[in-house]
Amino acid sequence: MARDLIRRYGIASVFVSTAFVCTLFLQRFFPYPFLFLFFAAVMASAWFAGTGAGFFAVLVSTPVVAYFFVPPYYSWAITPTAVSYFAAFVVCALVVSWVSSARRSTEEALRDARDQLEIRVSERTAALMRTQTELARLSRVLSMGELTASIAHEISQPLTAVVTHGQACLEWLSGSPPNLEKARLSTESIVRDGTRAGAVIARVRALFRKEAPVKDWTDMNEVIHELTVFLRNEANARQTSVRTELSPALPKVKADRVQLQQVVMNLILNGMDAMSGPDARAKELVIRSRREKEDQVLIAVEDSGAGLDPETAEKIFDPFFTTKPHGIGVGLSISRSIIESHRGRLWAMPRPSGGTVFQFTLPISAEDSDG
Amino acid sequence: MADARPTIFVVDDDASVREAVSNLLESVGFDAQAFSSTEGFRNAARPDAPSCLVLDIKLPGANGLDFQEVLARAGISIPIVFITAHGDVPMTSRAMKAGAVEFLMKPFQKEDLLAAIHQAVERDRVGRQQDAEIAVLRSRFDELTVREREVMDLVVEGLTNKEVAEKLTISEVTTKMHRGQVMRKMMAPSLADLVRMSDKLKTRDRG
Numbered sequence: 003m004a005r006d007l008i009r010r011y012g013i014a015s016v017f018v019s020t021a022f023v024c025t026l027f028l029q030r031f032f033p034y035p036f037l038f039l040f041f042a043a044v045m046a047s048a049w050f051a052g053t054g055a056g057f058f059a060v061l062v063s064t065p066v067v068a069y070f071f072v073p074p075y076y077s078w079a080i081t082p083t084a085v086s087y088f089a090a091f092v093v094c095a096l097v098v099s100w101v102s103s104a105r106r107s108t109e110e111a112l113r114d115a116r117d118q119l120e121i122r123v124s125e126r127t128a129a130l131m132r133t134q135t136e137l138a139r140l141s142r143v144l145s146m147g148e149l150t151a152s153i154a155h156e157i158s159q160p161l162t163a164v165v166t167h168g169q170a171c172l173e174w175l176s177g178s179p180p181n182l183e184k185a186r187l188s189t190e191s192i193v194r195d196g197t198r199a200g201a202v203i204a205r206v207r208a209l210f211r212k213e214a215p216v217k218d219w220t221d222m223n224e225v226i227h228e229l230t231v232f233l234r235n236e237a238n239a240r241q242t243s244v245r246t247e248l249s250p251a252l253p254k255v256k257a258d259r260v261q262l263q264q265v266v267m268n269l270i271l272n273g274m275d276a277m278s279g280p281d282a283r284a285k286e287l288v289i290r291s292r293r294e295k296e297d298q299v300l301i302a303v304e305d306s307g308a309g310l311d312p313e314t315a316e317k318i319f320d321p322f323f324t325t326k327p328h329g330i331g332v333g334l335s336i337s338r339s340i341i342e343s344h345r346g347r348l349w350a351m352p353r354p355s356g357g358t359v360f361q362f363t364l365p366i367s368a369e370d371s372d373g
Numbered sequence: 026m027a028d029a030r031p032t033i034f035v036v037d038d039d040a041s042v043r044e045a046v047s048n049l050l051e052s053v054g055f056d057a058q059a060f061s062s063t064e065g066f067r068n069a070a071r072p073d074a075p076s077c078l079v080l081d082i083k084l085p086g087a088n089g090l091d092f093q094e095v096l097a098r099a100g101i102s103i104p105i106v107f108i109t110a111h112g113d114v115p116m117t118s119r120a121m122k123a124g125a126v127e128f129l130m131k132p133f134q135k136e137d138l139l140a141a142i143h144q145a146v147e148r149d150r151v152g153r154q155q156d157a158e159i160a161v162l163r164s165r166f167d168e169l170t171v172r173e174r175e176v177m178d179l180v181v182e183g184l185t186n187k188e189v190a191e192k193l194t195i196s197e198v199t200t201k202m203h204r205g206q207v208m209r210k211m212m213a214p215s216l217a218d219l220v221r222m223s224d225k226l227k228t229r230d231r232g
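Order-wise, the sequence lines are chains A and B.
Per the working numbering: the first sequence = residues 3 to 373.
Per the working numbering: the second sequence = residues 26 to 232.
No lab work stands behind these hints: they were computed from the structure.
Possibly wrong hints are sitting among the right ones.
Said to hold, decoys possible - Listed next, with one range per pair, are the computed distances between beta-carbon atoms:
#1 D218(A) / A69(B): 31 to 39 Å
#2 M131(A) / P115(B): 52 to 60 Å
#3 Q134(B) / T197(A): 20 to 28 Å
#4 P179(A) / E158(B): 35 to 43 Å
#5 D91(B) / D221(A): 36 to 44 Å
#6 P179(A) / R221(B): 44 to 52 Å
#7 G279(A) / A69(B): 47 to 55 Å
#8 A69(B) / V216(A): 28 to 36 Å
#9 E158(B) / T189(A): 28 to 36 Å
#10 G356(A) / R174(B): 56 to 64 Å
What the hints assert, rightly or not - Sample of chain A residues with no beta-carbon within 12 Å of chain B, all distances over it, derived:
#11 L39
#12 A68
#13 R194
#14 W219
#15 S278
#16 V359
To be verified - Which stretches of chain A does chain B cover? Using the computed rule of at least three CB atoms under 8 Å from a CB of chain B, they are:
#17 129-138
#18 155-162
#19 309-320
Just so you know, even glycine gets a beta-carbon here, dropped at the ideal spot from N, CA and C.
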């Protein structure tokens, strides 16, 4: 504190001394002393060391100017004609000091405000990201809700098989003599089908997972394949055929598997919804993957639905825009933000043979932001 | 023929369930034939023995309920036991109205499945007996001349020989002769038997 005080008044003293020496020097060449250097010293003191230092500079300058630069020179006395001249100096010095320090504090307030603003923006951004992650999970849960029937089917199939094999096993064992070979085969089937039911549950849980995004090397073909298996029953129920044309040499991408699963699932479910109308067209969904332009992977989901009119096509990626009676309109906007956070691009275009193609690209390179 | 070992057809696109149901059926002594699709079932040769169909509702292509209609329209009568992972009331009532024996939810109990299958097989056995009986009657009926059929139709309605003769504008003697031929060819011991036979021939189509 005291050290700071000394520093501030030290700065003021140095400025005033410099002004004094320079003015003394200039006085040799000009008949009238130039006092502007003292104003500069006051201004600089107020600017760099604060209001107090500014007034201190005025305080020090005043006697110096009175003694050295106000006639009669080298005397404390002031001639009557020089009184106004001296008074003007003092007033001007005070005003300069005040203006300079006021200006300075305004500037500081402005900088503080800007810093504050920056902090708040980054806080809000973080909150927004959290909300978005939560919303993404919610939409995942919602689309899973739509799939409840499919999930129930997926789980109850192997479970039925387990129960039934178990009952058959008991029958084989209760015969006389018991058929041990058949009983053993039944038990093997129980183990296999039980494992399958467990795998289904693990898959469902992975889709419901509530975790921060984790980017890892991901094989998009694998993601697509898993989803087609998972959505097979849904496709059957909607009498939709799902075909995949996956490039066998697709490079892996650094990506959050669960998020991309969600994007592909959204696109598949959207495609199925687009074909749910009563028209007699064959309901066919095609999922393609290929390498694009050396450094990208492209995934496309094509439906043979009615297609999008240009007006709708512009809005489908807007949040809360939906064409479905029970949709909330977040699927595509979330999908797009997920793809963009992977530095990729998601867009829709008409399919030449009728319907719509939704496709997205993902960069192959490892260098990636955590966004 | 009707006492041959029953064959149970299983159609389910899920291999695990298909295998499990076949395994259970074999363990209790049925012949089981499993198919992954309705096409597979339609193309398979069906033995001339009581049988029934255990059919999954959710199938690729046509669903089980639609296939039930397809079979009915094609005149293929086989009792159906539906199995499904998630049935609802409309589905159940549609299936039952269309003549399904039972509608079971997965995972089902062995007792329920076997009871339904026994019931279905029994229904098929009775149906087959009736069919066989009608087939015999039909072949006898086919032996009758046009005139004899006319006489038979009127006789079973309770008309006397005289009334029949008048209606057909033939003599009573000729009528008696035709009537005798009808009784002989149809192997009917009495008029009451002939009436029953005629009824059976008329209600040929069973559910």
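Tested hints:
1. Evaluation of the 31 to 39 Å hint for D218(A) and A69(B) yields a failure: the beta carbon distance comes to about 48 Å.
2. Hint check: M131(A) to P115(B), Cβ distance near 45 Å, so the stated range 52 to 60 Å is violated.
3. Between Q134(B) and T197(A) the Cβ separation comes to about 23 Å, which falls inside the hinted range of 20 to 28 Å.
4. Between P179(A) and E158(B) the beta carbon distance is about 42 Å. The supplied range of 35 to 43 Å therefore holds.
5. Distance hint for D91(B) and D221(A): a CB-CB separation of about 38 Å, consistent with the stated range 36 to 44 Å.
6. A hinted range of 44 to 52 Å for the beta carbons of P179(A) and R221(B) is consistent with their spacing of about 50 Å.
7. In this structure, G279(A) and A69(B) break the distance hint of 47 to 55 Å, their C-beta atoms being roughly 36 Å apart.
8. The hint said 28 to 36 Å for the Cβ distance between A69(B) and V216(A), and at roughly 50 Å that hint is violated.
9. The given range of 28 to 36 Å is broken by E158(B) and T189(A), whose C-beta atoms sit roughly 46 Å from each other.
10. For G356(A) paired with R174(B), a C-beta distance near 59 Å keeps the hint of 56 to 64 Å intact.
11. With a closest Cβ-Cβ approach of about 93 Å to chain B, L39(A) is found to remain outside the 12 Å limit, as its non-interface label requires.
12. Every CB of chain B lies more than 12 Å from the CB of A68(A), the least distance being 102 Å, so the non-interface label holds.
13. Distance check on R194(A): its Cβ comes as close as 8 Å (rounded) to a Cβ of chain B, failing to clear the 12 Å threshold; non-interface status is violated.
14. No beta-carbon of chain B is positioned within 12 Å of the beta-carbon of W219(A); the least distance is around 32 Å.
15. For S278(A), the non-interface assignment is confirmed: its Cβ lies about 16 Å from the closest Cβ of chain B, beyond the 12 Å cut-off.
16. Taking the minimum C-beta to C-beta distance to chain B, about 25 Å, the non-interface status of V359(A) holds against the 12 Å cut.
17. Judged by the Cβ-Cβ criterion of 8 Å, the region 129-138 of chain A is not covered by chain B as claimed, because only 0 of its residues qualify and three are needed.
18. A count of 6 residues in the region 155-162 of chain A with a Cβ less than 8 Å from any Cβ of chain B is obtained; the coverage claim is therefore met, three being the minimum.
19. Requiring three or more residues with a Cβ within less than 8 Å of a Cβ of chain B, the coverage given for the region 309-320 of chain A is violated, as only 0 such residues are present.
Checked against the numbered hints given earlier, the structure breaks hints 1, 2, 7, 8, 9, 13, 17 and 19 and satisfies all the rest.
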